[in-house]
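Q: Listed below are the residues making up each chain.
Number of protein chains: 2
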Amino acid sequence: MLTLYFEDLVPGRTFDCGAKTVTEEEIIRFGVEFDPQPFHIDVQAARASPFGGLIASGVHTFAIFTRLLADAVMVDVANLGGAGVNDLRWFAPVRPGDTLHARATILDGTRPSRSRDDRGVVMLRGELHRDDGALIWHATVISVVARRP
Amino acid sequence: MLTLYFEDLVPGRTFDCGAKTVTEEEIIRFGVEFDPQPFHIDVQAARASPFGGLIASGVHTFAIFTRLLADAVMVDVANLGGAGVNDLRWFAPVRPGDTLHARATILDGTRPSRSRDDRGVVMLRGELHRDDGALIWHATVISVVARRP
Numbered sequence: 002m003l004t005l006y007f008e009d010l011v012p013g014r015t016f017d018c019g020a021k022t023v024t025e026e027e028i029i030r031f032g033v034e035f036d037p038q039p040f041h042i043d044v045q046a047a048r049a050s051p052f053g054g055l056i057a058s059g060v061h062t063f064a065i066f067t068r069l070l071a072d073a074v075m076v077d078v079a080n081l082g083g084a085g086v087n088d089l090r091w092f093a094p095v096r097p098g099d100t101l102h103a104r105a106t107i108l109d110g111t112r113p114s115r116s117r118d119d120r121g122v123v124m125l126r127g128e129l130h131r132d133d134g135a136l137i138w139h140a141t142v143i144s145v146v147a148r149r150p
Numbered sequence: 002m003l004t005l006y007f008e009d010l011v012p013g014r015t016f017d018c019g020a021k022t023v024t025e026e027e028i029i030r031f032g033v034e035f036d037p038q039p040f041h042i043d044v045q046a047a048r049a050s051p052f053g054g055l056i057a058s059g060v061h062t063f064a065i066f067t068r069l070l071a072d073a074v075m076v077d078v079a080n081l082g083g084a085g086v087n088d089l090r091w092f093a094p095v096r097p098g099d100t101l102h103a104r105a106t107i108l109d110g111t112r113p114s115r116s117r118d119d120r121g122v123v124m125l126r127g128e129l130h131r132d133d134g135a136l137i138w139h140a141t142v143i144s145v146v147a148r149r150p
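Chains A and B, in that order, are what the protein sequence lines are.
Residue numbers for the first sequence follow the numbering used here, beginning at 2 and rising by one.
Residue numbers for the second sequence follow the numbering used here, beginning at 2 and rising by one.
Pulled out of the complex, with its shape left as it was, chain A reads as follows (with noise of 0.2 Å):
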């Protein structure tokens, strides 16, 4: 089933992960559970708020890249498991009906284990950008992933 091992993660591979259009009700879904601030969960208030409107948790935004990339790309990886995040960076807020358009690209950090021969270090950069071709997001995954058997 799994057909991308630490081999094929070479950096500078590009992955196009598709796109999500954010609604209201995932935005203040997403804040009732996770982000109870005004401006994610109250309309009225976001209004009122330095925003002026509704928007989306930043840990939703890093959620919605991550949904893109899973399906996309991580359903088929040999996944050892994430072992973190570097340079992560809001650039936008994200309102309703915006549409993030997810890119993922290996970097060069990308190397063998040194401790253990049958995994490897992905560094992986993603994106995401509006329909306008704003730079929403991005960030630094970094993820172990086996070598090919």
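Honestly, the hints are just simulated from the structure, not real lab data.
Any given hint might turn out to be false.
Pairs involving identical chains hold if they fit within one copy or between any two copies, as the list cannot separate such chains.
Unchecked claim - Here are the computed lysine to any residue pairs in the SDA-like style, where the Cα-Cα straight-line distance is at most 20 Å: (1) 21 / 37; (2) 21 / 136; (3) 21 / 38; (4) 21 / 131; (5) 21 / 90; (6) 21 / 92; (7) 21 / 135; (8) 21 / 97; (9) 21 / 126.
Take the given structure of chain A and dock chain B to it, following the hints.
A: This is chain B only, laid out in the frame that chain A set:
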């Protein structure tokens, strides 16, 4: 209503943000929506995976911290938005029944904005520890916070 401005978020100040016990239902529900890898959504498949059982999505772990921080701290903060996250690390998987204790510490990098005199940049170290004391997760969260009017 707001009681925590930039001036209140002094390096070294620590907030105990309470705890959350994670259930199997929550892990699966988050996984189905945001990270549908087998070891996040399917108990049987998870047993056969490298993790030996169901584990929470890494983004779910970050979301749990965000909720504990929101309830304990952010609800009182004059928050102008998240800027980014550095040095996020997952040290151990989160399994059903684990209780995660959250703590936040204001870091030395906290400083007034260089471009706007009504705000500052707050750097906060977030941590999640398990009941047995093990550090499960940490990250440095960067936020923009208003100065006291």
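Q: For each hint, tell me whether it holds in the structure or not.
A: Do the hints match the structure? See the list:
1. For the identical chains of this complex, residue 21 and residue 37 are inter-copy neighbours only, at 15 Å across copies versus 22 Å inside a copy, given an alpha-carbon limit of 20 Å.
2. In this homomeric assembly, residue 21 and residue 136 come within 20 Å of each other (Cα to Cα) only inside a single copy, at 15 Å, whereas the closest approach across copies is 34 Å.
3. Proximity of residue 21 and residue 38 under a CA criterion of 20 Å is satisfied inter-copy only: 18 Å between copies versus 23 Å inside one chain copy.
4. For the identical chains of this complex, residue 21 and residue 131 are intra-copy neighbours only, at 10 Å inside a copy versus 34 Å across copies, given an alpha-carbon limit of 20 Å.
5. Proximity of residue 21 to residue 90 under the C-alpha cut-off of 20 Å is restricted to the intra-copy arrangement: shortest distance 19 Å within a copy versus 27 Å between copies.
6. Taking CA atoms no more than 20 Å apart as the test, residue 21 paired with residue 92 passes inside one copy only; the shortest distance there is 18 Å, against 30 Å between copies.
7. Taking CA atoms no more than 20 Å apart as the test, residue 21 paired with residue 135 passes inside one copy only; the shortest distance there is 15 Å, against 36 Å between copies.
8. For the identical chains of this complex, residue 21 and residue 97 are intra-copy neighbours only, at 11 Å inside a copy versus 29 Å across copies, given an alpha-carbon limit of 20 Å.
9. For the identical chains of this complex, residue 21 and residue 126 are intra-copy neighbours only, at 18 Å inside a copy versus 31 Å across copies, given an alpha-carbon limit of 20 Å.
When held up to the earlier numbered hints, the structure conflicts with none and fits them all.
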